[in-house]
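J.: So you can see what is in the structure, the chains are spelled out below.
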Amino acid sequence: MDAVLLARIQFGLTIGFHYIFPPMTIGLGWMIFHYNNRYQENGNELYHQLAKFWTRIFAITFIIGVATGITMEFQFGTNWANYSRFVGDIFGAPLAAEGVFAFFLESSFLGILLYGRKHVSQRMYWFSSLMVACGATLSAFWIVVANSWQQTPAGYEIIEKTLASGEIVRQAQLTNFWEAVFNPSTLLRYSHVIMSALCVGTFFVLGTSAWQILKGRHVEFARASMRSAVVPAFAVIMLTMVVGHHHGHQVSQTQPAKLAAFEGLWETGPNAPLMLLGFPNEKEEKNDFAIQIPGMVSLFVGGSFDTEVQGLKDFAPEDRPPVAVSFWSFHLMFYLGMWFALVSFVGVILWLKKKLTSYKWYLWAATLTVPLPFVANEVGWIAAEVGRQPWVVYNELRTSHAVSASVSAGEILASMIMFGLIYTLLFCLWIFLLKKQFHKGPDPIEMTEGEVA
Amino acid sequence: MTALQVTWFLLIGILIIGYAILDGFDLGVGFWHLFAKKKSERSAFIHSIEPFWDGNEVWLLTGGGALFAAFPPVYASVFSGFYLAMMLVLLGLIFRAVAIEYRDKVDSPAWTRAWDIAFAVGSVLPSILYGVAIGNVVRGLELNALGDYTAGFFALLNPFSLLCGLVGLSMFALHGAFYLSMKLDGEIAAEARGWATKTWYVFLVLFMVAVTMGLRGGYIRAWDGVDFKRFIPMATILLALVSNSIAFMFNKKEKGKGAFIASSCTIAFVMLSVATAVFPYMVFCTNDEAWSLTVSNSSSSPLTLFSMLIIALIGMPIVLGYTWFIHHIFRAKVKVHKD
Numbered sequence: 033m034d035a036v037l038l039a040r041i042q043f044g045l046t047i048g049f050h051y052i053f054p055p056m057t058i059g060l061g062w063m064i065f066h067y068n069n070r071y072q073e074n075g076n077e078l079y080h081q082l083a084k085f086w087t088r089i090f091a092i093t094f095i096i097g098v099a100t101g102i103t104m105e106f107q108f109g110t111n112w113a114n115y116s117r118f119v120g121d122i123f124g125a126p127l128a129a130e131g132v133f134a135f136f137l138e139s140s141f142l143g144i145l146l147y148g149r150k151h152v153s154q155r156m157y158w159f160s161s162l163m164v165a166c167g168a169t170l171s172a173f174w175i176v177v178a179n180s181w182q183q184t185p186a187g188y189e190i191i192e193k194t195l196a197s198g199e200i201v202r203q204a205q206l207t208n209f210w211e212a213v214f215n216p217s218t219l220l221r222y223s224h225v226i227m228s229a230l231c232v233g234t235f236f237v238l239g240t241s242a243w244q245i246l247k248g249r250h251v252e253f254a255r256a257s258m259r260s261a262v263v264p265a266f267a268v269i270m271l272t273m274v275v276g277h278h279h280g281h282q283v284s285q286t287q288p289a290k291l292a293a294f295e296g297l298w299e300t301g302p303n304a305p306l307m308l309l310g311f312p313n314e315k316e317e318k319n320d321f322a323i324q325i326p327g328m329v330s331l332f333v334g335g336s337f338d339t340e341v342q343g344l345k346d347f348a349p350e351d352r353p354p355v356a357v358s359f360w361s362f363h364l365m366f367y368l369g370m371w372f373a374l375v376s377f378v379g380v381i382l383w384l385k386k387k388l389t390s391y392k393w394y395l396w397a398a399t400l401t402v403p404l405p406f407v408a409n410e411v412g413w414i415a416a417e418v419g420r421q422p423w424v425v426y427n428e429l430r431t432s433h434a435v436s437a438s439v440s441a442g443e444i445l446a447s448m449i450m451f452g453l454i455y456t457l458l459f460c461l462w463i464f465l466l467k468k469q470f471h472k473g474p475d476p477i478e479m480t481e482g483e484v485a
Numbered sequence: 171m172t173a174l175q176v177t178w179f180l181l182i183g184i185l186i187i188g189y190a191i192l193d194g195f196d197l198g199v200g201f202w203h204l205f206a207k208k209k210s211e212r213s214a215f216i217h218s219i220e221p222f223w224d225g226n227e228v229w230l231l232t233g234g235g236a237l238f239a240a241f242p243p244v245y246a247s248v249f250s251g252f253y254l255a256m257m258l259v260l261l262g263l264i265f266r267a268v269a270i271e272y273r274d275k276v277d278s279p280a281w282t283r284a285w286d287i288a289f290a291v292g293s294v295l296p297s298i299l300y301g302v303a304i305g306n307v308v309r310g311l312e313l314n315a316l317g318d319y320t321a322g323f324f325a326l327l328n329p330f331s332l333l334c335g336l337v338g339l340s341m342f343a344l345h346g347a348f349y350l351s352m353k354l355d356g357e358i359a360a361e362a363r364g365w366a367t368k369t370w371y372v373f374l375v376l377f378m379v380a381v382t383m384g385l386r387g388g389y390i391r392a393w394d395g396v397d398f399k400r401f402i403p404m405a406t407i408l409l410a411l412v413s414n415s416i417a418f419m420f421n422k423k424e425k426g427k428g429a430f431i432a433s434s435c436t437i438a439f440v441m442l443s444v445a446t447a448v449f450p451y452m453v454f455c456t457n458d459e460a461w462s463l464t465v466s467n468s469s470s471s472p473l474t475l476f477s478m479l480i481i482a483l484i485g486m487p488i489v490l491g492y493t494w495f496i497h498h499i500f501r502a503k504v505k506v507h508k509d
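Chains R and H are the protein sequences, given in the same order. Note that the first sequence covers residues 33 to 485 in the numbering used here. Note that the second sequence covers residues 171 to 509 in the numbering used here.
Because the hints were derived from the structure by calculation, they are not lab data. Errors might be hidden in some of the hints.
[Stated by the list, open to error] 20 Å max Cα-Cα, derived PhoX-like pairs, lysine-lysine:
#, chain 1, residue 1, chain 2, residue 2
1, H, Lys503, H, Lys209
2, H, Lys209, H, Lys275
3, H, Lys503, R, Lys467
4, R, Lys247, R, Lys467
5, H, Lys425, R, Lys150
6, R, Lys468, H, Lys275
7, H, Lys208, H, Lys505
8, H, Lys503, R, Lys150
9, H, Lys503, H, Lys423
10, H, Lys503, H, Lys427
11, H, Lys207, H, Lys505
12, R, Lys84, H, Lys275
13, H, Lys275, R, Lys472
14, H, Lys209, H, Lys505
15, R, Lys247, R, Lys392
16, H, Lys425, H, Lys505
17, R, Lys84, R, Lys467
18, H, Lys368, H, Lys423
Computed from a predicted structure; not experimentally measured.
Next up, chain H with everything else stripped away, as it sits in the complex (with noise of 0.2 Å):
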């Protein structure tokens, strides 16, 4: 395994977690969406991330493109291994993204309740698939020689990649919770704060079931030769329980901007807990080990890498002043209007 394949390794874990820091806040806030009452309410949690949402999305394009990249066999067994889910991925993105957009378009109740709807279910449905891939990615996949996923759809739907799907709802639904309470304010900053608080408890315990059911699985894979390697994963299975109390203090004292960094840590440190856990694999192959894709045999040519490597350390800082100024620009409160 060579340090450059080792780094893409980390950077298409990098723009994974910025992904689910980022549109995981969005989504979470379409989880919400159906929750507030008030049509005035609605409109606000829409506005909170119109100018955003688009960019956020624009890192799993990203992620997707530096995967297909950097590890090709990857990218390949595992987006037609998962193809129906895929496919069920890009319906929820696509009504998602239209509503966003649509839904102020006419002026019409039934117009902007169906886009309401779109916008919740397309929130929702990736939320919970995203966990779902991940958790089937940590159990390791049935393949063939040449690393095609054998086992058919219904196989995918397993108790601990189900499992991961609620984790991942109940992360990003907490996350967007958050969110709103830094981003809005008076009586509805008040009801997500509330909803922040009961989703923690969610989560918390479904994380620990689903670390418990890992463990037991044995799925955090071995390194050769590296002893230590099955420390690093519970570390960050510990800084993530540790973000994640932070966060639920930040909240307790309605310090909302608080709460969402901390937040965004622990989607991080959970993230990071499942790549570690992995690697040195992408992909364990559960019917013959050898099959297995991992960093050393399934990346680019040296030159690939290296290439990709330049583009990353030109574009990602420039992407990064991107985010951030984008946020400073619209970094005002979101006011409920009065219906």
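In isolation and in its complexed conformation, chain R is listed as follows (with noise of 0.2 Å):
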């Protein structure tokens, strides 16, 4: 295999399993803080017992989700030099910043709210579940803002470099900071990613709480932990698709062959039809067996069926992402967003008749739903990454310029075998940790001197 293939597959595993864990972690640091929060203003020590339980949680994911960071930073260097020596004057700012600006507020306060519990006051611990949670929130920008600008770079020009061997080389230079930064899709992305990370944290929540009354464990605390999150669930899976939406429109005017093979859409035209189902069929450059409604995605674009949408066939071959995978993955995406709004809908119904936690179908349907949230977090961004392609940077530099020329394939092999070895282990072990917790539930309510149970 080459190089370029295999310093790919490295990327998209390494980055694909990290992301399973700061989305978990954004999500959970808000629960956290919102339990926090109710105890400070009210002292009911349920909320204390729901924050402690969640906050053991949330440190079993977040320390994979750190030893794994490491990796990323060091695979644009290790991996993809001359990707680094193109991006450089603007990629490497937003990282240097999510360490300053991000990084230590979160890693600084975690300390306290893991460690410091009987070193600090109760109103220094509500603050640093705040600035924990703000802190993993913060960093999510500045890498989205990073990754936003390979999607639609902006506050740049491409200047020809004279080496001092004599080489001449291509480079992007900076000429607006705040627009390389704001790019045209920064915002959405980050909206989007932040939600469908919420997502992920009262989801998972709702779920796992709901498998513990099935299982006769903990049910109070149970019951309780499923209340809280029902409705934020609601509000950010909705939340999540408006903004889904929104950042769907901006695809169709910055990154046209994105949006098209999103959609599947060969032919230039009005009346874009939208597929539901079917097969792309690349060879061929049609559909296989696809169920349409016709004129949906010229109307989601321009807000009428007379739109006109750019398809597949204005794009060179070469120019095109690989429709197939892309296709599969917006639309696995766009499904799992759709189950997500039913299950918390049902939910909140159930809940204001008090009902919540009174029916097996539902205790089920939630508790097979906890694994969704992470399937659509990283089926979305797969849709986003393939969809860029064939560029690393769209339409400036091609993936396949991008990788390191000193490294070869027996070396990427051999790390990628080191990676895929740890990171199961990794994973096998956060499944039974968790199990573990699970099992062991809360910690009993800490009675007052005087009291007795």
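Given two chains presented individually in distinct reference frames, assemble the corresponding complex, making use of the accompanying hints.
T.: Dropping the structure here:
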């Protein structure tokens, strides 16, 4: 196998694995702050218990996010040296800013959240909880800035630089810092990512607690957990979908080839159909077994059936993203989002009737939903990144020109096997420790002196 | 060479020094972890770094990001050139992070034992590899016209760089021993002071041999038109030896905090001697000097350096604030519980 393909597989695997964890810690971080906040307000021990239990789950998860995150920052240099040279003038700054403005905040206050309850006042503890959630949310901002610039580069010019050896290389050079940071897709993608992260957190609390009830473990506590998560879950999936719609519209304007691949759209023209299901056939440039609604993509992009939408045939074959992968990952994300909306909507109705935890079928539905927001995040990310291909910086640098020349295919294969083994082990450990925590359940409520249980 | 470029060379240096001092002590604690005989002592070792190590590691991430942003060709050439070594650093750092968090999570001696070993190995491996990497940067690398490293993995394992690896390991081990003697109490603190004394001699010898080899190899690079430049690394090496001696004396007087602060200064001076020896180069090209990556030919554009300077000026005081704050909150000594 060639080095470019191996480098892509390794990057995809390592970031795909990493991306399981930060969305969950962003989502759980805010749930934990919510519990600490309620405890601060009304002193109800139940919220104290909730905060403590979910902080334990948070800690187990957070650490894998940290450990696998270092890999990501190193890999731009180790595996994508030519990319690093090409984009360094722009891409490095958000990574450094992420460290300075977000990771330090998060890691310092996490120390207090995990080990400092006895060392600080209740108010300071509350504040630390808020800062951990803010830190996690801010770190996502800077990494989305960097990634969005790859999708919709702005605030730069391409220069030809003469090296000391006389070789001439192309490079992107910053012309406007704020245009690069707030490029056309930054804010929409950031909102979409954060809302999806909140989905992971809220649906995780909802579903794992439903599972606890089904298994008859720590039932009262699990009921409280479920009740605390159902309305937030519904709110954030609704926001995810609203933001997602606007983001899709932006993609149609800034990356038309990507949108066409998402929708499996081959022909350019008005009345562009929305394909619900089907198999994009890249060889024959058509879709097999397509079920479609005429005109819907035009309506969605331009507000009218007459809006002309660019199809894939408008782009040279070498400039098209892989259509089937883009189409399927995008559609899977979309359908999963629908499912989350349904589950949480039914949940809110049951909650209003005070029957959220009464029906087995609902508890099962919520339980089985636990892994799905992770899947939705992953396929959403795959859609975003595969849809950008064959470019690593949209319309400026091809992925095949971005790799490290000094790293051989054998070396990448060796490191990939290493990551494969470590990450499989970490995943098993994570699941094992999570299960253990759910069996153990919350700490018993601490009795103040003189009180008898 | 512009003032902005020199400023960024110094700022990267400060980030690396910050990382070496801060993660240095918890990497050092990892080195000593398996030397502690009692279970209670090993727990105390972990507790002594638990609230800090994650924040310490952020210095590495920020330093890496800043190098990427300020000197992209250097980041690209060095990270891809040291590919397998970097992967081993990652292997160490991943296991180390997970070990600290997971070792207490299951009540089983075999489980804890496995994580104790992971923590120690995960600390020793990066400590050596950082030294090997710095040794190679000081020595210079073989590059092609585009700046890609060409000599392969085994050429990185030359005597000078391997020696630098041992210097790195002994420096962090010494620093970690001082930290433990400051942070713990009673018997184990006395034992840590003993470790520090022994390691002190080891570090001193290794460091002096490395300095001698470096001087004989001509690794103090010349700066056109600035003759006195070659004295600066010598001065920082002298300062490193002075502060190292002070650390030794504090240790003898059982003043843990003084020894730790002096040891932090030693690390800073050692790193400064590396930076000033290499300057104005960042990666010296051994096969054609003209192809070297220098502070002036490898930096980002003035606009990027300026924007990042603003970020640094806003961010770094806040970061120093957090660092002080967290050490203030967890300033109490860590107790060793009876087994």
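J.: Determine for every hint whether it applies to the structure shown.
T.: Verification of the hints:
{"no.": "1", "hint": "H:Lys503 x H:Lys209", "in the structure": "18 Å, holds"}
{"no.": "2", "hint": "H:Lys209 x H:Lys275", "in the structure": "15 Å, holds"}
{"no.": "3", "hint": "H:Lys503 x R:Lys467", "in the structure": "34 Å, violated"}
{"no.": "4", "hint": "R:Lys247 x R:Lys467", "in the structure": "12 Å, holds"}
{"no.": "5", "hint": "H:Lys425 x R:Lys150", "in the structure": "27 Å, violated"}
{"no.": "6", "hint": "R:Lys468 x H:Lys275", "in the structure": "9 Å, holds"}
{"no.": "7", "hint": "H:Lys208 x H:Lys505", "in the structure": "13 Å, holds"}
{"no.": "8", "hint": "H:Lys503 x R:Lys150", "in the structure": "14 Å, holds"}
{"no.": "9", "hint": "H:Lys503 x H:Lys423", "in the structure": "18 Å, holds"}
{"no.": "10", "hint": "H:Lys503 x H:Lys427", "in the structure": "11 Å, holds"}
{"no.": "11", "hint": "H:Lys207 x H:Lys505", "in the structure": "16 Å, holds"}
{"no.": "12", "hint": "R:Lys84 x H:Lys275", "in the structure": "15 Å, holds"}
{"no.": "13", "hint": "H:Lys275 x R:Lys472", "in the structure": "12 Å, holds"}
{"no.": "14", "hint": "H:Lys209 x H:Lys505", "in the structure": "13 Å, holds"}
{"no.": "15", "hint": "R:Lys247 x R:Lys392", "in the structure": "11 Å, holds"}
{"no.": "16", "hint": "H:Lys425 x H:Lys505", "in the structure": "18 Å, holds"}
{"no.": "17", "hint": "R:Lys84 x R:Lys467", "in the structure": "17 Å, holds"}
{"no.": "18", "hint": "H:Lys368 x H:Lys423", "in the structure": "15 Å, holds"}
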